[in-house]
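From first to last, the protein sequence lines stand for chains A and B.
FYI, the working numbering numbers position 142 of the first sequence as 150, with every residue one higher than the one before it.
FYI, the working numbering numbers position 210 of the second sequence as 219, with every residue one higher than the one before it.
Hints in this document: simulated from the structure, not taken from any laboratory.
Note that the structure is a prediction, hence the values are computed from the model and not measured.
Accuracy of the hints is not assured; some may be wrong.
[To be verified] Using C-beta positions, here's what the derived DEER-type ranges look like:
no., chain 1, residue 1, chain 2, residue 2, range
1, A, Arg101, B, Asp150, 19 to 27 Å
2, A, Ile127, B, Ala81, 32 to 40 Å
3, B, Asp236, A, Arg28, 51 to 59 Å
4, A, Lys103, B, Val49, 57 to 65 Å
[To be verified] Straight-line alpha carbon distances no greater than 25 Å define the calculated DSS-like cross-link-like pairs of lysine-lysine that follow:
no., chain 1, residue 1, chain 2, residue 2
5, B, Lys162, B, Lys115
6, B, Lys118, B, Lys139
7, A, Lys93, B, Lys162
8, B, Lys162, B, Lys40
9, B, Lys139, B, Lys162
10, B, Lys139, A, Lys93
[As the list claims (entries may be wrong)] Stretch-level coverage of chain A by chain B, calculated; a stretch enters the list once three of its residues show a Cβ under 8 Å from a Cβ in chain B:
no., stretch
11, 20–29
12, 34–43
13, 48–55
14, 85–91
Note that the Cβ used here is the ideal one computed from N, Cα and C, for glycine as well.
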Amino acid sequence: MAGEMTLRVITPEAIVLDVRTTSVRLPGVDGSIGILPHHAPMVAAIDTGLLRYRQGTSEGVLFVSNGFAQVRGDLVRVVCEAGEKPEEIDEQRAKESERRARERLASRGKVAAGDPVDILRAEMALRRALMRQQVLGYGSRVRGVR
Amino acid sequence: MASIRDLRTRIRSVGNIRQITRAMEMVSTTKLRRFQDRAVASRPYAQEIASLLSHLAGVPGGSMAKRPLFQAGTGQTSVLLLVTSDRGLCGAYNSNVFAKFEAWWKAHKAAGRSARLFVIGRKGYQYLTKRGLPVERYLSDPPLERIDYRLAKFTARTLAEAFLKGDVREVVLLYTAFESMARYVPTLLPLLPVQAVSAAVDPGAKGAGASAQSDVILEPDAATLLDKLEPRYLETRVYNALLEAITSEYASRRMSMKNATDAAGEMQGLLKGQYNRKRQESITKDLLDIVGGAEALR
Numbered sequence: 009m010a011g012e013m014t015l016r017v018i019t020p021e022a023i024v025l026d027v028r029t030t031s032v033r034l035p036g037v038d039g040s041i042g043i044l045p046h047h048a049p050m051v052a053a054i055d056t057g058l059l060r061y062r063q064g065t066s067e068g069v070l071f072v073s074n075g076f077a078q079v080r081g082d083l084v085r086v087v088c089e090a091g092e093k094p095e096e097i098d099e100q101r102a103k104e105s106e107r108r109a110r111e112r113l114a115s116r117g118k119v120a121a122g123d124p125v126d127i128l129r130a131e132m133a134l135r136r137a138l139m140r141q142q143v144l145g146y147g148s149r150v151r152g153v154r
Numbered sequence: 010m011a012s013i014r015d016l017r018t019r020i021r022s023v024g025n026i027r028q029i030t031r032a033m034e035m036v037s038t039t040k041l042r043r044f045q046d047r048a049v050a051s052r053p054y055a056q057e058i059a060s061l062l063s064h065l066a067g068v069p070g071g072s073m074a075k076r077p078l079f080q081a082g083t084g085q086t087s088v089l090l091l092v093t094s095d096r097g098l099c100g101a102y103n104s105n106v107f108a109k110f111e112a113w114w115k116a117h118k119a120a121g122r123s124a125r126l127f128v129i130g131r132k133g134y135q136y137l138t139k140r141g142l143p144v145e146r147y148l149s150d151p152p153l154e155r156i157d158y159r160l161a162k163f164t165a166r167t168l169a170e171a172f173l174k175g176d177v178r179e180v181v182l183l184y185t186a187f188e189s190m191a192r193y194v195p196t197l198l199p200l201l202p203v204q205a206v207s208a209a210v211d212p213g214a215k216g217a218g219a220s221a222q223s224d225v226i227l228e229p230d231a232a233t234l235l236d237k238l239e240p241r242y243l244e245t246r247v248y249n250a251l252l253e254a255i256t257s258e259y260a261s262r263r264m265s266m267k268n269a270t271d272a273a274g275e276m277q278g279l280l281k282g283q284y285n286r287k288r289q290e291s292i293t294k295d296l297l298d299i300v301g302g303a304e305a306l307r
């Protein structure tokens, strides 16, 4: 077998995850990045999205945003601003912020030249909200299979 | 001379004050612990970010030379962020910060430089306004009390923008570093331009990693990574400074409340002694009167 590696997810608030895994999938800024044991050393920027990791036959998922991944030896370190497990995500809040972000984007469209920074922020908020919900959906699916 | 009645009221009011200061001491203790835990929890993140930054600095294409945040500005202006508390009753916490500020200000003026002042905490804002100094930004929302990473992020961004826009020489943080439960020192922390990141990383790792660094895959590339990494690095430093400041505030408050509680207890004891003496005196006097009256009737 290919062996295992350690996945460590570190946020400003805590070390969210420190587990042995057989494969990790990260949301890189230029697309999804898959990492298997014995990967070459790498530093990658990470976007808002889903981090998926496999432990044997079971699979875990995590919401991550805005960070970096560093692979060295058999250690994968993900340093990001948010790292949330499905059970930690508040569905109501995610839905609410999705609605707010959509509203903001819609109203910006009408007023011809909105502040580009504001639009960017709203888009990012929307992305985060959608991704959180996706993590939730994914988490419940994984639990359903078990 | 205080009457018995006066003494009784004083004893009661001192007791009330003691209860309040004791409650505040306990509140401060729990809050202190909470903020301390968070400071500890944030350390791995800050270390990782710092090591990534120093790592990338050694990679071809990751040169710091052209990065604006690493260059000292040309102007004569400095930006200072003063971190104070919102509330009082925390001993010399704020005055220590102000003393440090005055020293800095004097040296700064002597060098013929001007400054733009940013403030966190109501006490600092009041102080500067009373002193007649213009405060450029008063960052009051959210309060430091409810600090989270987002606040640090916002603060760091505000400071970085100020640095990049005007002809600003440097950005300095003046906050209270938390050294131990009994030691909190007002500290000047140069935030920008970013100094060579060496303090956070042990030098041994650097030499060993130098040859391996060129083999590291960078995804997407060094410049993009640095673009994202720089703000994170600033945030971690600001976050840490803010956490330490509020931890120091609570440590200081706890200390002064403990002193107040002790002093109130002592005073209560003293007053009680006086009161008891007085009471005994009047009882003796009354008895003498009664005995005297009885003698006279005989």
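Holds or violated: Lys139(B) and Lys162(B), Cα atoms, limit 25 Å.
violated (29 Å)
- Message: Check whether the Cα positions of Lys162(B) and Lys40(B) lie no farther apart than 25 Å.
- Response: The hint holds at about 22 Å.
>> Holds or violated: Lys139(B) and Lys93(A), Cα atoms, limit 25 Å.
In response: violated (49 Å)
- Query: Given the proposed pairing of Lys162(B) with Lys115(B), does the C-alpha separation stay at or below 25 Å?
  - Reply: violated (30 Å)
With a Cβ-Cβ cutoff of 8 Å, does the stretch 34–43 of chain A contain at least three residues near chain B? holds (count 4)
Practice item. Take the C-beta atom of Ile127(A) and the C-beta atom of Ala81(B), compute their distance, and say whether it sits inside 32 to 40 Å. Key: holds (34 Å)
For the pair we were handed, Lys118(B) and Lys139(B), check the Cα-Cα distance against 25 Å.
-> With a Cα-Cα distance of about 19 Å, the restraint between Lys118(B) and Lys139(B) holds, given a limit of 25 Å.
### Query
Does Lys93(A) pair with Lys162(B) here, judged by a C-alpha cut-off of 25 Å?
holds (23 Å)
| said: Between the stretch 20–29 of chain A and chain B, are there enough contacts, at least three residues with CB-CB distance under 8 Å, for the coverage claim to hold? | reply: n = 4 at 8 Å, threshold three: holds.
Checklist line | Supplied distance hint 57 to 65 Å, evaluated on CB atoms of Lys103(A) and Val49(B) | finding: The hinted range 57 to 65 Å is violated for Lys103(A) and Val49(B), with Cβ atoms some 34 Å apart.
### Message
Cut-off 8 Å, C-beta pairs, minimum 3 residues; does the coverage of the stretch 85–91 of chain A by chain B stand?
### Response
holds (count 3)
- Task: Indicate whether the distance between the beta carbons of Asp236(B) and Arg28(A) respects the range 51 to 59 Å.
- Result: violated (33 Å)
Violation of the numbered hints given earlier is confined to hints 3, 4, 5, 9 and 10; the remaining hints are satisfied by the structure.
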